[in-house]
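A.B. asks: So the chains spell out like this:
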Amino acid sequence: MAEYSVFSLVRNALTGHKNWQRAWRDPEPKPSYDVVIVGGGGHGLATAFYLAKVHGIRNVAVLEKGWLGGGNTGRNTTIVRSNYMLDDNSHFYEKSLQLWEQLSHELNFNVMFSQRGVLNLAHSDGQMDRFARRGNSMRLNGVDAELLDRRQVMKMVPHLDFSDEARFPIYGGLLQPRGGTARHDAVAWGLARGADRLGVDIIQNCEVTGFRRSGNRIEAVETSRGTIGCGKLGFAVAGNTGHLASKLGLKLPIESHVLQAFVSEPLKPFFDHVVTFGAEHFYLSQSDKGGLVFGGDLDMYNSYAQRGNLPTIDHVMRAGLAMVPSISRLRLLRHWGGVMDMSMDGSPIIGKSPIDNLYLNCGWCYGGFKATPGSGWVFAHTIAEDEPHALNAGLRLDRFERGHLIDEEATGAVPGKH
Amino acid sequence: MIRGKEQQPFRISSGGEIERTQPLGFRFDGKNYIGYQGDTLASALLANGVRLVGRSFKYHRPRGIYSAGPEEPNALVHLRSGGRQEPNTRATQIELFAGLEAKSQNRWPNLKLDLMGVNDLASRFLVAGFYYKTFMGLPGWHFYEHFIRKAAGMGAAEHIPDPDSYDKMHGHADIVVIGAGPAGLAAALQAGETGARVFLIDENDRPGGRLRAEQESIDGRPAMDWANETVAALQDMENVTLLTRTTAFGYYDGDTIGAVERVSDHLLAPAPYKVRQRRWLIHAKRVLLATGATERPLVFDGNDRPGVMLAGAARAYATRFAVQAGKSAVIFANSDDGYRTALDLAYAGIDVRGVIDPRTGGQGELKDRVAARGIDIVEGAAVVRTHGYLGLAGVDIADLETLRSGRMPETRFIPCDLLATGGGWSPNVHLHSHQSGRPVFDPAIAAFVPGASRMNDRSIGAARGRFSLAECLADGIAAGRETAQGLGFPVGSSPATPATDEPATGSFMTLWQVPALPGRKARSFVDLQDDVAASDVKLAESEGYVSVEHLKRYTTLGMGTDQGKTSNINGHGILAEARGMDIAAVGTTTFRPPYTPVAIGAFAGRERGRHAHPVRRTPMHDWHLANGAKMIEAGLWMRPQYYLQPGETPSRAAMDEAIIRETLAVRNAAGISDVSTLGKIDIQGADAAEFLNRVYINGWKTLAIGKARYGVMLREDGIALDDGTTSRIGENHYYMTTTTAEAGPVMQHLEVLLQVHWPDLDVKVASVTDEWAAMAIAGPNSRAILSALFPNTDFSNDAFPFMGVRETDLGGIPARIFRISFSGELAYEIAVPADYGTAAWERCIEAGAGHGLLPYGMEALGILRIEKGHVTVSEIDGRHTAGDLGFGGMMSTKKRFVGDAMAAREGMADPSRPALVGLTPLDGKTRIRAGSVLVADPKTPPPVPKLGHVSSSAYLSPNLGRPISLGMLKGGRERIGETVWAVFPLRNEAVECRVTAPVVYDEEGARLHG
Amino acid sequence: MLYIDCPYCGSRGHEEFTYIGDATKKRPDGAETSDPAWFDYVYLRDNPRGPHLELWHHSLGCREVVKVLRNTLTHEILGAGRPGDKIALPDAETER
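Protein chains in written order, with the numbering used here: chain A, 1 to 418; chain B, 10001 to 11010; chain C, 20001 to 20096.
If you're looking for bench data, these hints aren't it; they were derived computationally from the structure. Honestly, I wouldn't trust all of these hints.
Claimed, not checked - Selected chain A positions facing chain C (Cβ under 8 Å, derived; list incomplete):
#1 Ala2
#2 His243
#3 Leu248
#4 Lys251
#5 Pro253
#6 Glu255
#7 Tyr301
#8 Tyr304
#9 Asn309
#10 Glu385
#11 Pro388
#12 Leu397
We put the beta carbon where it would ideally sit given N, CA and C, even for glycine.
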């Protein structure tokens, strides 16, 4: 298949763009595969890509109930970072960030990974201390971090509310310069094209409706496009893990919640970094198309609906105005919701399950997008080797039962609060 | 006052809704013009002959006014300036006011000569998704992005605060009718007459909807007479609320309608004390969606030039605004709307040079009327090309059949400056879709109409594809009556549907696109705003982006400020053709709120700036301010950080001095601090002791009346939740205190336990945080001060021992005295009803005057408690167990308590977990910063194994003469006496520390018992 | 807005409430600390897509806990009552 490059673009332009090939094939499902991945979002596609690329396992199918990237991959606010404090998260997300840094090249597809810096604002001495601990932990793990004081923040992002009117003054912030954003849809398409080129079958409009079990194994998945045999089976359906697991009688430490996201009308360059408010939950960046992309808290009730309600919208807008007062007259263009797997400690679950050949990749809470390549990379390893990689050894399912929690937000077993 | 030339060369001398007696001066791109009251900016610009108003998103192609409503893709302007500037504002919806200033967007250096128009020349390279295929090389995307971002975006915004204010309102209605066109008015009237509470909402300045733009009649009179009479009747009904200039932007759960009322946007500035906009949240029992329909363009080569306009818009400008959208017009439409338009434009004095009808044979009565006027009608033909650059100069037409066969047709040039095109109408199903309503395709009108809904909505009139006036009126009447009746309101006999005079119309022909002339690289735009051409749709399809959602995301179809109101359906139709499928099978993308963009400020309402969140102040707040306190945020609370004395000026040195002064006062004389922010919970009931026994890790059954006890509670997951003292006030009466931060969560925790899990316990809890003001008097002189304050109370150790509690009064003020201490000194806490807080505080200050009493703030409090190894939220941080914090010994083994089971898990009971320790710099002077990480060797390269962290730190303990810190250290209790490094790589600092016990001052606690 | 029929206050918007969570989790009072019932109670959730019994605390109202039956896919509220009440699906097929 033809490589994408400025040369191929020119060549095709001169021939009227008639010779572009499909980005990925549209195959009929085979009777069985060595590995079946349920979920054609970024994580499922990345898993298939790395299974084929790193582990040489190419008889792989990715089953997607709708259209590729139609779940949270295409609904998030596109932030990529690895600014975690706790080691189990820190090492994993840093691996993911390193994969992001080479992803466009690796896929020959521009995923527009923009390392514009992620800045978390602090509004009290105590919050500065907590950020310092996180930043220090990052540095000790080899991750980039800078602690900014109020003056440095003002220099970097002058249009935040530094006035006397600010209800929560800005004390400073924690910056990860290598953090940034990426074009979410392009990640799904690039991974799909990359996996497809390695022989993976990507099957859209194929909803899993049930499972055929034999002992403690799953022999096949039943789908809207027929029964498909599987040597190994991986779930990458964050948001719907609880629903799918219930078909297998599995209870998980997960609740599904709706998280809303927002975009404004497109503007000329207005906001150059990713900035998060520290007094409330709010995060803001500007897409390359010009829209301000932002979000905040969950709606705070269990939900599988991809839409939320006005009270949360009001809270998010209020927090946004508190952080950047000049957005008052700018207009909200569109808002939507995605369904999050909220785990009981706020960290993801990637590893083996109580069923022999079933592997779980779930519990992503807010943070699944930035993990996309890392998640696929360690999940592929876990499936191929039947054993977690060192990077996801701590993210195992049984950590809850054993009391080895990875609770960045320190809010405990209240999934909505992570 | 802006003055301009009075002449408006495209204004019709009579008719329309404009007030010719009220000329309004306005400015566009620096030039002055005059329009009339009743104009929109778009109609006023057209009246003045301004046709070029903007540039497109990607190719910077010249664009004009395309519509007359919210669907406008092109005419986006930068409205107003300074703090009131609004980029991307649709000229078609800006009501003209005197002094209006607007400028065009997305052009440089100016609208006529836009150098970014070079993009158009490169358009063959800048096809859909080109950026996914390149810009992958060095120096990386972030470099290229810099230029792409500048080219992208539409309007520009500056960072200037908004001077206006916004309100929020709640509404409660039996029936909300959205849209005050014929269907909505008829429905509201019927429903209103039953007595039901009705809200009628319309986005325009006046009701009427399409009737304002058409030459319709009802009962033999102009249709607007009927509309005005209906409005007058509705205004007389007390049960009806009519909201104009109000856009219902979203349909939410519980049949809640989000709407924004533009209170002042039609004015130069809001009147004094008036808001700019009001955000409504209306709870409805039933919703009638009379949201009308949007006309869609025809897709052909060059369909984007200024002068190409929707046919319905051209009629609206002529009829409602008395404006000729051009002097000479060609009309191109695939329904009888073409003939209707020809008649209206001709009536408005426009030279109609032809109606191009792709259909052949046997159209309706309107065609005959057009023919009778001698207007040229060309059937079976299409516009295949347009001419002109900054404005339309003419069109080429050709035979459609020949074109479809792939042969080169003969073309005919018709000079014109207006091309009115109509591709049919799409019902506005947006609100219906917000709650997962699934629109279904209706081939008769080639559009999606509302499908099944699980909400209490019903679409009526054009919103469900009933386009004739007679159908709209009948639908409205039926829906208004039936809906009210369904809610139990009495209805009378059904009124007759008013008579309309509508000619029979011919059939509608589906035409998604006009084929390009053979050999010509056609620029047939589907999405005018985002420059998505029919060729982009086909390219996306050929590359496998065949889902409508992939098409949208790959080409950006429908992602502009208009959200595809005019373009989605054509894009999906062209995709369906390319896939050889039915459009019903291809489907449509999901409509999301808001219907039209809404100002972010309108969602925040009054909650902005210093009012973003409430401020909590203690009863003694004003005293602190009057006495030199520097206040600091503690959550929502304001608390004194330290106090400057008279004559001291704020500085770092003065702050340090104040903190040392206050700390020493407590240790050597006495200090008083405001502890009103601590959570206070009143607990009463026969089972109160049992309840406390269950929620705290330690035992409570033996606590005597008049005694307090320190307690620690866990979350259900075994992690420490909070600590504090609880006092027994009476037989079945306890008074609990919590930390400031956890007051709310603890209260809720207790309520849930009592109401859900232990309803059998006879216990009631009430938050009394705001009922009591509290002050701590600490230090060796505190007993003397208390004795002076409470002369009738014996404060001797025997009579009032540590952890004793007394209820008494302070010179007539009811008071509770607790002998408890956070500072480690002899100390008392006094609680009085909140209203007496300042009075009691002032008495304490007075009584302490001779005893060296000083008020002390959070900073001194922090040093004092670190010296004593007392934990706060910095240590009880949601990740630590009672054992980690040194409370392991308090965990009772004789009873069960919340969190005991989960705290017993392997990982939670692990002895190597971090434990609370004290940390002292080896050199006795280097500061250890909070947030430092504890490591064995600072020279280890990453990743460095971490042993713990520094949780709290004081750069100087004035009592010990050195810095002190608390930290959590793995296996810390076994490491006392060892050294460890506190590293702070963010500042390149590393301090070698000695590990100590948490308590470093008065280890035996002798002073406490003073 | 979700409208919750508080048995004490009447129908109120959900912005007055704090969501507590799954109402089917029964605290295993009396079970040994080693009993897996505790882990199940604190951590495991059925997380159904469809009707869900849940608790809401009327924090900005009467401060009572309300038990609500709500469809997590549609957000439709199917019933509400006191924590101890049995709330059945309107179709009365399943009682959870």
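A.B. asks: Against this structure, judge whether each hint is valid.
C.D. replies: Hints and how they fare:
no.: 1; hint: Ala2; in the structure: 42 Å, violated
no.: 2; hint: His243; in the structure: 4 Å, holds
no.: 3; hint: Leu248; in the structure: 13 Å, violated
no.: 4; hint: Lys251; in the structure: 4 Å, holds
no.: 5; hint: Pro253; in the structure: 4 Å, holds
no.: 6; hint: Glu255; in the structure: 5 Å, holds
no.: 7; hint: Tyr301; in the structure: 5 Å, holds
no.: 8; hint: Tyr304; in the structure: 4 Å, holds
no.: 9; hint: Asn309; in the structure: 6 Å, holds
no.: 10; hint: Glu385; in the structure: 27 Å, violated
no.: 11; hint: Pro388; in the structure: 20 Å, violated
no.: 12; hint: Leu397; in the structure: 11 Å, violated
When the structure is compared with the earlier hints, violations turn up for hints 1, 3, 10, 11, 12 and for no others.
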